[in-house]
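Asker: Each chain is listed here by its residues.
Number of protein chains: 2
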Amino acid sequence: MSDHDDRPPIDLGGGHRMTPQRREVYEVLMEHSDHPTATEVFMRAKVRMPSISLATVYNCLDTLAGAGVVKQVNVDREPSRYCGNLAPHGHFHCADCGTVLDIDLKNGAELAKTFKVPRGATVERFDIAVRGRCPKCAKVARAR
Amino acid sequence: MSDHDDRPPIDLGGGHRMTPQRREVYEVLMEHSDHPTATEVFMRAKVRMPSISLATVYNCLDTLAGAGVVKQVNVDREPSRYCGNLAPHGHFHCADCGTVLDIDLKNGAELAKTFKVPRGATVERFDIAVRGRCPKCAKVARAR
DNA sequence: TTTTTATTTAGAATAATTATTGATAAGGAT
DNA sequence: ATCCTTATCAATAATTATTCTAAATAAAAA
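First to last, the protein sequences are chains B and W. All residue numbers for the first sequence refer to our numbering, where the first residue is 1 and numbers rise by one. All residue numbers for the second sequence refer to our numbering, where the first residue is 1 and numbers rise by one.
Calculated from the structure, these hints are not laboratory results. None of these values were measured; they are calculated from a predicted model. Hints may be right or wrong, so weigh each one.
Intra- or inter-copy, both count: the list cannot distinguish identical chains.
[As the list claims (entries may be wrong)] Think about it this way: if two alpha-carbon atoms lie no more than 25 angstroms apart in a straight line, the pair counts; the simulated BS3-like pairs of lysine-lysine are:
1) Lys136 x Lys113
2) Lys106 x Lys46
3) Lys136 x Lys116
4) Lys139 x Lys113
5) Lys71 x Lys139
6) Lys139 x Lys46
7) Lys46 x Lys136
8) Lys116 x Lys46
9) Lys106 x Lys116
10) Lys113 x Lys46
11) Lys106 x Lys71
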């Protein structure tokens, strides 16, 4: 087994370093494509790095999101979630179990043009959130 | 001047009454089409009904939203906003001044079909939020 | 009228997030 | 290497939006 780290370096810009904590938080997000909250990231990171603190996880997530290497996802007023999927996509949010699933936006660029934003406004990004019941919960609901 | 209330009655359903507080909160939302937060609604309602409390405003907003006569609008993790525009529409959120403006979705029904939600999932509603700079702030930014 | 149920209010409680502070560590210049 | 500056981390305090609790009030039902 090789003992060197052959992953490509990740530039965070703005004089920010890729510290062990930031790398760990980043790894946690890359491992699974679910959408963990800061607390969930904290719990997963803690397994391999017991000394990490929740405040640091918040800081890391903020830095990583600011650098654009992960995305912060907000559905309604629930705790923020984070994901490593950088491709343009929307989110499906289950009203019953709270799961968040990615929605592929095949025509993201097209879609953006259909929004009639106020004249003179500039667009930075857009978020699409669909709320309903995920397949599993929909099935349970039908059975009732 | 007539002293009777000739506004059409609003049914809140579920055994809920249209109380003076609920009516006041509802009026505040109908008066302007901006998107006040609960605290802003509270301040406006307090002018004509000084005894109203913030908790009551939260309760009223929740009841009105539950009955479907007003809409709760969430952008990012900011405080919830409320609006009386029941037509399907998206929201434009200014990154600089925080203003929230309605975006007309002429083809809301069409749009909904373009989302490839997970197979077997049921859709309840969808939210579209565009983030950027409103005309006023975009102009200021250009001047810099 | 009595009983029940819904509502309001003030204030306490909660939960997510941010801010503060002191300690530690990394980088660059000398 | 040594000094100096800046970034980072961890613990904990503080903040903020919102919800909960409990007691009082009011309206509807019986």
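Asker: All hints are to be evaluated individually against the structure, with a verdict given for each.
Answerer: Cross-check of the supplied hints:
In this assembly of identical chains, the alpha carbons of lysine 136 and lysine 113 lie at most 25 angstroms apart only when taken from different copies (21 angstroms versus 34 angstroms within one copy). Neither within a single protomer nor between protomers do lysine 106 and lysine 46 lie at most 25 angstroms apart by alpha-carbon distance, with minima of 36 angstroms and 48 angstroms respectively. Taking the closest pair of Cα atoms, lysine 136 and lysine 116 come within 25 angstroms of each other only across two copies (17 angstroms); inside a single copy the shortest separation is 35 angstroms, beyond that limit. For a Cα distance limit of 25 angstroms, the shortest separation of lysine 139 from lysine 113 across copies, 21 angstroms, qualifies, whereas the shortest one inside one copy, 35 angstroms, does not.
Neither within a single protomer nor between protomers do lysine 71 and lysine 139 lie at most 25 angstroms apart by alpha-carbon distance, with minima of 30 angstroms and 28 angstroms respectively. For a Cα distance limit of 25 angstroms, the shortest separation of lysine 139 from lysine 46 qualifies neither inside one copy, at 35 angstroms, nor across copies, at 46 angstroms. Taking the shortest alpha-carbon separations for lysine 46 and lysine 136, neither the intra-copy value of 30 angstroms nor the inter-copy value of 46 angstroms comes in at or below 25 angstroms. When the C-alpha separation of lysine 116 and lysine 46 is checked against a cutoff of 25 angstroms, the pair qualifies neither within a copy, at 45 angstroms, nor between copies, at 35 angstroms.
Taking the shortest alpha-carbon separations for lysine 106 and lysine 116, both the intra-copy value of 20 angstroms and the inter-copy value of 9 angstroms come in at or below 25 angstroms. For the homomeric pair lysine 113 and lysine 46, neither the shortest alpha-carbon distance inside one copy (43 angstroms) nor that between copies (42 angstroms) is at most 25 angstroms. In the homo-oligomer, the alpha carbons of lysine 106 and lysine 71 lie at most 25 angstroms apart inside one protomer (19 angstroms), although the nearest pairing across protomers, at 29 angstroms, exceeds that limit.
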